[in-house]
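Trainee: Place chain B on chain F using the hints.
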Amino acid sequence: MSFIVDYYNYWIVVFLMMAGFYIVISANNLVKKIVGLNIFQTSVFMLYISIGNVSGGSAPIVADGITRYSNPLPHVLILTAIVVGVATTSVGLALIVRIKRAYGTVEENEFEDKDDLI
Amino acid sequence: MFEQHSPVLPIILPLIAAPICILLGRSQLAWLFATFISALGFGISIGLMLTTLDQGVLSYSLGGWEPPWGIEVRVDAASALVLCVVTGISSLVLVYAKESIAKEIDSSQHTLYYTAHLLCLAGLSGILSTGDAFNLFVFLEISSLATYTLVSLASDKRCLTAAFRYLIMGTIGATFILIGVGMMYMKTGTLNMLDLAARISEYDSSRTLNTGLAFILVGVSIKLALFPLHMWLPPAYTHAPSAVSAFLASTATKVAVYVMVRFIFTIYGAEYVFHTMGMDTILLVLAIVAIFKCSFMATVQSNVKTVLAYSSVAQIGYMILGISLVSTLGLTAGLLHIFNHALMKGALFMAVGAVLLRTGSVDIKAFQGLGKQMPLTMAAFTIAGLSIIGVPLTAGFVSKWYLVTAALEQQEWTVAFLVLAGSLLAIIYVGRILEAAYFKNPAEGTTYKEAPLLMLIPLWILVFANIYFGIDTSMSVGAADTAAQWLTQPSSSPATALSVNMGGATQ
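For the record, the sequence lines run as chains F and B. Sequential numbering of the first sequence, starting at 130, is according to the working numbering. Sequential numbering of the second sequence, starting at 214, is according to the working numbering.
Just so you know, these hints were derived from the structure itself, not from any lab. Quick caveat: nothing in here was measured; it's all calculated off a predicted structure. The beta-carbon is built from N, C-alpha and C at its ideal position, and this holds for glycine as well. Careful: at least some of the hints might be erroneous.
As the list claims (entries may be wrong) - Facing chain F, from chain B, some residues (calculated, C-beta under 10 Å):
1) 354
2) 355
3) 358
4) 361
5) 370
6) 374
7) 377
8) 383
9) 387
10) 388
11) 392
12) 394
13) 404
Next up, chain F with everything else stripped away, as it sits in the complex (with noise of 0.2 Å):
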């Protein structure tokens, strides 16, 4: 039991990263796809931010009286890869944007050629 107790973020996170492969997988509408993308990605930040923690670690901000403060480095990085995911969710919504135009429709099966499925 305290398997999964103590380690209740990290079943979030492959709960999350499931989800959100099961939805880019199986999702008709591409703006679904996007959106499942978004959270598989997410629960990527939840992993590196959850390395982060020191047990019994304070904020890494220098302060009186504090000597054990938690590893401030994959915060940072995380804050990299979170401007990824925005670019990456931005070109994906432009092309969205521009299938509609072209196609009339967000929806895989209402293309109609099979060789532009998703």
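Mentor: For chain B alone, coordinates are given in the frame of chain F:
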């Protein structure tokens, strides 16, 4: 003073030049500027290769923060070799692009094309020269985002769904790499590649590290389109503008192969990946299936760009085959094929782009009778096609020769036989196109002019390179061999590293 900063210049130059390209506004100016920057990068890369072959590794600390705390830019023989390929092909493609994109991309988007190309080049150079595992992910995403944009620039609407599929697959691949890097950091507490290598070798077996390796290898396999994770590649290369196909087919997947080599040999160590984890058998089987399945797929396509795209996946199989042989000779063959395949696939896609410009189609029917009407283009296509088959006196023969030798050295007779049998399929798919071009009559009343000079010059430079590196192999084989020696003995590299710790902050 530029000499001290030369390891970082191939990244910085295109990165700064990309926004300037937009500001220039005019297509003509942006073209000149982008080509100039790319050629400059090529010159610097040649210099870097000569230095690394002569003196060993070049290390550069970004911002003056010493590794392993700061981000290290680290150029060794392997990075310099692929860097030369990438910047060289990029320069030739940019020269070629001016005429090619005039018909294929809307004129309001020409400057954006050059900008995205430069950003992609910056990302690829970054992947090749960084010494930091997380930094590698960031550059991977820079190049990938630029690539999705490049693919979607074509005027055909099918490029949009192809780009979207590429975006979904590419992002999943990159995120897998991110997870893997996170796992490595979790266990070792470092992101510097050499530091990682030193600390990973202290563990006999760790489930976290094993899982990290699995994530990274699957992620990189998506990026390099290893069978069966290649489904994004054929539509993306088919529907992208020809100049983009030529650039991506000869650089993007090659850089991903380099990433795989880097993770296997430098960070985890060949012993760990191949003996403890048993990855060599998996990679070998996937590579052989890729060669046969995708070569076969290439023989039944009617769109010539799709034929070349499937052929690319098959050729990636040869590179992975070389790596999975677990020997210095096998790695040499793999790296050599990265170099040679860039030359031949670049030339083939350029020739097809020239045909598209004149005939307006890339269907195999459009090639009928072109042997007489566009003799220079088709001659170039023929020579590059022979190179892909592996005919003697072409670059393709050299890599096949080394691959077979490496397989025989390991007593893998079946593998050597299969490599040769794979070439027979290449004869069929290249032969079909050549048959249409030379032995069929053109449709009634159609006459096409030869391709413009600006397209023929870069095309023929690549074709001559194919012949030159098929005859005089001392340069390409020498560089690939030195790179493979470095990679298979990573323990010797830190001691001989030449440090150039001259970041901006310390001056």
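Trainee: Check each numbered hint against the structure and report the violated ones by number, ascending.
Mentor: The structure conflicts with no hint, since it agrees with every one listed earlier.
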